[in-house]
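Can you build the whole structure from these sequences, using the hints too?
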Amino acid sequence: MTAGAWLCLLAPLCGALLITALGESISRRTAAWISTLSVFAAFAGALIAFVDMLGRGHEEREAVTTAWTWLAAGEFHAGLSLLVDPLSVTMMLIVSGVGGLIVLYSIGYMDGDPEERRYFAYMSLFVFSMLMLVEAGNFLLLLVGWGLVGLASYLLIGFWHERPSAVAAAKKAFVMNAFGDAAMALAFFVLIWQTGTLDFAAAFEGAGGLSQTFVDLVALGLLAGAVAKSAQIPLHTWLPDAMEGPTPVSALIHAATMVTAGVYLIVRAHPIFELAPSIADLAAGLGAITLLVAGVIALVQTDIKRVIAYSTMSQIGYMFLGAGLGAYGNGMFHLMTHAFFKALLFMAAGLVIHHLANEQDIRRMGGLRQAMPRTYIAFLIGSLALVGIPPLSGFFSKDSILASALASGGYGRLLFAAGLAGALLTGLYTFRLLFIVFLGEPSALVREHDHGSAHGEGPWTMTVPVAVLTVLAVVGGWVQVAGIWHPFGEWLDPIAVGREHLALVEPTVTQDYVTSVLAVGLGAVGIAVAWMIYGSRKWSVPRVPSVQRTLEHKLWFDELYDAVFYNPGERISGLLRRGVEEPLIGGSIEGVTLGAREAAGALGEAQTGYLRTYALAIAAAVAVLVVVFITVQ
Amino acid sequence: MTTALIVLPLAAALLVWVLPLPGRAAGMLALLAALAELVLWVVAVAGFDFDQGLQQEDRHSWFSDLGVSYHVGFFGFSLWLVGLTIVVSAAAIGYALWVDRERGRAYHGLLLFLMGAITGVFTSQDLLLFYVFFEAMLIPLYVLIGVWGGPRRLRATVTFVIYTMAGSLLMLAAIIVFGLSQGTFSLPDSGTSSNEWVFLGFLAAFAVKAPIFPFHGWLVDAYREAPAEVAAILSGVVSKAAVYGLLIVISKFDQSVLHDFQPYILAFAAIGLVYGSLLAFRAPDIRSVTAYSSMAQMGLIVLGIFSLTTVGVTGAVVQSVAHGLVSATLFLLAGMVETRTGTSAFAGLGGMARGRPAFATVLMATGIIALAVPGSVAFAGEFLILAGVYTVGWGWAAVGAGAIVLAAMYMLRLISAVLHRAPGADVREDARDLRPFELALVVPLVAALLFLSAWPASVSERSFPGTGSAEASE
Amino acid sequence: MRGPDVSWYLIVSAILFSIGAAGVLLRRSPLIVLLSLEIMLNSANLALISFARLHGNHDGQIFALAVMAVAASEVVVGLGLIVAIARKHLDLDVDRLRVLRG
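Protein sequences appear in the order of chains A, B and C.
Note that our numbering has the first sequence beginning at 9, numbered continuously upward.
Note that our numbering has the second sequence beginning at 76, numbered continuously upward.
Note that our numbering has the third sequence beginning at 1111, numbered continuously upward.
Misleading hints may appear alongside valid ones.
[Stated by the list, open to error] Output of the computed footprint for chain A on chain B, the stretches with three or more beta carbons under 8 Å from beta carbons of chain A:
1. 249-256
2. 286-298
3. 331-339
4. 450-459
[Stated by the list, open to error] One-sided and incomplete, this derived list gives chain A residues near chain B with beta-carbon spacing under 7 Å:
5. A80
6. G82
7. L159
8. V183
9. F208
10. S581
11. L583
12. R585
13. G587
No wet-lab data here; the hints were simulated from the structure.
Using N, Cα and C, we set each Cβ at its ideal position, and we do this for glycine too.
So this is what it looks like as C-alpha cells:
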C-alpha cells in the first residue's frame, strides 16, 4: 500500500527531473512521452494502493510511512511522511488518472510549440506537487505541496511568457496564493506553539484541548488558505486570469485538481473545523456566495475558457458549501465528478480552440456542430453533467450536497436556497455557451477553418482522453445513488465522517427526492431560458447596461484590490525610497563622509610641519605624565 | 584540523601573490586551493559528532596574563557557516577566473585571503581572535571593491569602511571591557555579562555588518559597485559574520539583558524586513533588488535569533545557509547578465528566457527558492524562524508572513523583468546562453539548494546538539 | 657595593637627558638634533644599567642592549635621510623642512 503511494508520488518527479536534465538531447516528442508515462506510472501506483486497500478491513486502511525527517528544530519534528488512507487514495486516483489523460491530451495540443519540453517538465512537476499535497502525512508537507502546486500553476499560467498578460496573470495567481500560504502558515504556528506538532492525528488530538479562540484562529488560517487556492470569494480574482495558460493546464490545474485542494483541506482537517463551527459555517457561506456570484458573472463572459472558469468557481462553491456543513463525503463526491466533467468541458473547449487556431472569443464562434460533431456530443454531455441532469454524474453529486444542506436545517436552508438558485444559473450560463458555440449558422471564422480539418477533429492523443472523460462524466456518479447505495460514502467513511462518528447531517430519502426534483427542474428551466435566448433566439437578450458593465468588470474586484493593496503598496514603496532611503540613509552617508573630512581638516591644523612643535608636544606630554605619576603616588 | 582550514587559504593567498604566474594560472591555483579547502571541510564534517558541542579545537596561549589565546573550533552551526563560505568562495574564485580579472595574482590572492579570514571568524573561540579575523575580512574587501569595482567604487568603499569601522571599534571597546571584567577573552571559559553598554557595543558592529535597519547605508552602493563575485561573497557570506556574532552575543549575556532589549531589536529587524522588501519591489536593477532582499532576509534572521527560542535560532542558521547560497547565486547570475548585456537594469532587460534554457532554468530555480516557495530550504528556515518568533508575539510572525508575500512580489518581478516579455533593448540576439564553465559554477550552488530543500533537517537537526541548545534557552 | 651611590649615576643621567632634550628642542640642524637624540638615549641607558646594578638582576642591561641596537638602526636611517636631503641641495634646517604640515 505504501509502496504504491511512493511510486505514485515519485514517478512524476522523476519525469520532471529527467526532462530537465536531458534538456535538448531528447526530442520534444520524447519529452512529452516521458511526462505522460510518468503520470500514468503514478496512476498505476495509486491503483496498487487502492487495490491493496480494498483488500483490508476498515480499521487497517490507514498507514503512515516516513522516509526521513524533513525538518526538525528543538522539540519540533516533521517527517517526510505520507499518509495513505481512503481519502488520500481517492485524491491520488483522481489526480493521477485525470492528470494522465490531460497530459496525454497535451501531446496533441502542444504539438509544435518550440518549448514543449519545458511544458511537459512543468506538467510533471505539477502532478508531483499535487500528489505531495494529497499524500502529505502532516500539515507541513501539506503546505509544501500547497506551495508547490501554486508554483507549478504560476509556471504554467505564464508558460507563454512573451505575452505580458500571461506573465501578469501568473504573478497575480502566485501572489494571491502566497497570501493564502502565509495565512495557513500562521495557523500552523498556533498549532506548533500550542500542541508542539503538525502531524495530523496528534494535531487533531491536541486541538481538542485548545481554547475556542485558538481553534478558531487555526481554522480561520486554514480556511484562508483554502479560499485562496480554490478561488473562492474574496480571493478569487486570479482564476479567470489564469485562463491565459494553455488549455490543458486550465483543465488539469484550474478545473480538475488544484483548485479543489481547498475542499480537500477542509475535509482533511475536518476535526478542526468541527471544533470551530462558526468558521465551518463561514466556509459554507463563502461557498454559497461564490456559487451565486460566479454563476452571475459567467452569464456575460465572452471568452470560452473564462465562462468555464467561472463555472469552476461556482461548482467549488458547492463543494465548500457541502464540506462546510459537514457533508464531507458529498463534497468529495462532487469533487470527483466535477473533475471528470469539468476536465471534459475544458478539453472539448480546447479542441474547439485548437480547431479555430487559438481563437477563444465566443462571439466569433457559432455553428460548430457540423464541423465538430463528436466534440459537440462531448461538450453536450459535459454540460448536462454540469447542470445536473440525471443520470449523468453531476446530478448525483450536486444533489447530495443540496440535500445535506436541506437536512441541516436553519442556516442550511438558506444555503439550500442559494444552491437551488445556483442550479438555475448553471443551466443558463452553460447552455448559453453551448448554444452560442455549437448551434446556429457557422460564423465567418468557423467557415474559414472548416476546410482545413481533413484529419478529423484532432489527433488521437486529444480525442481519446476526451472520449474517456465523456464516459466517466456519464458513469462517474453511479457510485453513489441517494437512498439506494452508498459505496463511495462507505469507502470514505472512516475519514469523512470522523472517527468519533459525530452526529453529522444525514438527509432523509424524502429530502433527497425533493432536492432532486427541485434542482433538476430549475436546471431544466435554465436550459430552456438559454434555448429561448441563444438557441431558438425567440427572446432577445435582456439588456441593463449598468448591470452588464458591473458584471463584465467582475463586480470591480480587481479594481478594488488595485486600489486597496497594490497601488498603496507601490506608493508606499516609492515614498520610502524618496522620503527615507534617499534623504535619510543616503543623506547620512553624505553627512558621515562630510563630517569625517571636516574633522580631518581640523586635526590637520595641528600638524604644523615644525619638528620642534612635535618635540615640544612630546616633552609637554612627558611632563604631564610625570606630574600625574608623582601626584598619584 | 580547524587551523588547517584557516591556514590553507591564507597560505595559498601568499603563494599566489609570491609566485610569478600569469593571471590565468594564478586563478587556477586559487581555484585548486579552494577545492582542496572543500575537501578538508568534508573531512571535518565526516569527523564531527553532532551530539556534542565545541570540538576539533586548537588552542594555544597567546597573551597568557590577559587570558587571550589562539583558540579555534567548531560548533555544529559554525560547520555549516564555514561550508557556506567555502562553497561560495570557490564559486566566486571560479567566476573571477572565468571573466579573467586584471592583475589576476593580486585579485585571486585577495579572494583567498578573504576566504581564510571569514573561516577564521566562524571558528574563533576567543573574542580577541574573533575581532582580528572580523577586521581582517575588511582589508581584502576594501581593496577588491576600491580597485576592481564599478564607476562609483570610491564612494562605495569609503562609506563601507566608515560604517563597518565605526561599528567594529565600538565592538573592540566592548570586547576589552567584557574580557577584562571576565578575566579571560575565551568564549567557552567566560561567563555571562549583564553590562548593557557592552551589549550595545557588540550589537553596533553586527547591526552594521548584517545590516539591520537603519544601518544599511553602505549596503546598496557596496553591492552595486563591487565586482559580481565580491558582491556574492559580501552578501552571501560576510553578512553571516553578523549572524555568528549575534549567536555569540545571545549566549554571553544574561537573560535579563537580552529580554530587555528583545522588543527593540525585534522591532528594528521587522522594520528592516518590511522596508527592505518594499524597496526591493521598486528597485531598478537586479543587484539592487538582491541587495534590498538581502537586507530583508537579514532582518528575518535577526528576528529568529532574538526570538531567543531554540526553534527560532535554528531557523536562523538554516536561513543563513539558504540565503547565503541564494544571494551568491543571484549575484553571480547578475554578473553573467552584465557581461552579456552591459547592464543589470530592468529597463534594458527582458525576454532572456527565449533560446537560453540553461540560464532561464537556473535563474528561475534560484528565484523561486529565494521567494521561499513552500518546500524550499528558504521556506524551511522562514517557517522555523516565524514559528519561533510567534511564541514571543503573534504580531512578529504576522509581519514575517506578510513579508513572505512581498518577497513573492519582488522576486517574481525580477524573474519576469529578466526572462519574460519581449527582449529588452540591451539584450542582443547573439547574447549566449550560459557556457559550460559558468554552469559548472552556478549549478553546484543550485544543486546544494535543491539538496537542502529535500532535506533541510540535515542542517537544522545538526546545528545545536540535543534538543535544548547551549545557545538558546527557552 | 663598590663605587659611587646610585643616585650619582642618576644625576648624571638626568643632566645628559636634559642636555639632549634641550638640543632636540632648540637646535635647527637635523644633524645636531640626531646627535642630541643619541645623548638622550644614552642617558636612558645609563639609568637602566644603574638600576640593574641596584636591583642585582640583568633585565635593565638587556634592555639597554636593545636600546643600543635601536639607536644604531635609528642613526643609520637618520643619517641616510640627512644625506639624501643634502644631496637634493635642500636647507639643512628643520624649520624649513615642513612639507608634512597638515
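Here's how the hints hold up against the structure:
1. 249-256: Three-residue rule not met by the region 249-256 of chain B, so violated; n is 0.
2. 286-298: holds (count 5)
3. 331-339: violated (count 0)
4. 450-459: holds (count 5)
5. A80: Constraint on A80/A satisfied, holds at 5 Å.
6. G82: Holds, because the Cβ-Cβ distance from G82/A to chain B comes to roughly 3 Å (cut-off 7 Å).
7. L159: Cβ of L159/A sits 5 Å from chain B, so the hint holds.
8. V183: holds (5 Å)
9. F208: For F208/A, the interface hint is violated, since the closest Cβ of chain B sits about 17 Å away, which is over 7 Å.
10. S581: At about 4 Å, which falls below the 7 Å cut-off, the nearest Cβ of chain B leaves the hint on S581/A intact, so it holds.
11. L583: violated (9 Å)
12. R585: holds (6 Å)
13. G587: Result: violated, 11 Å to nearest chain B Cβ.
Hint violations for this structure: numbers 1, 3, 9, 11 and 13, all remaining hints satisfied.
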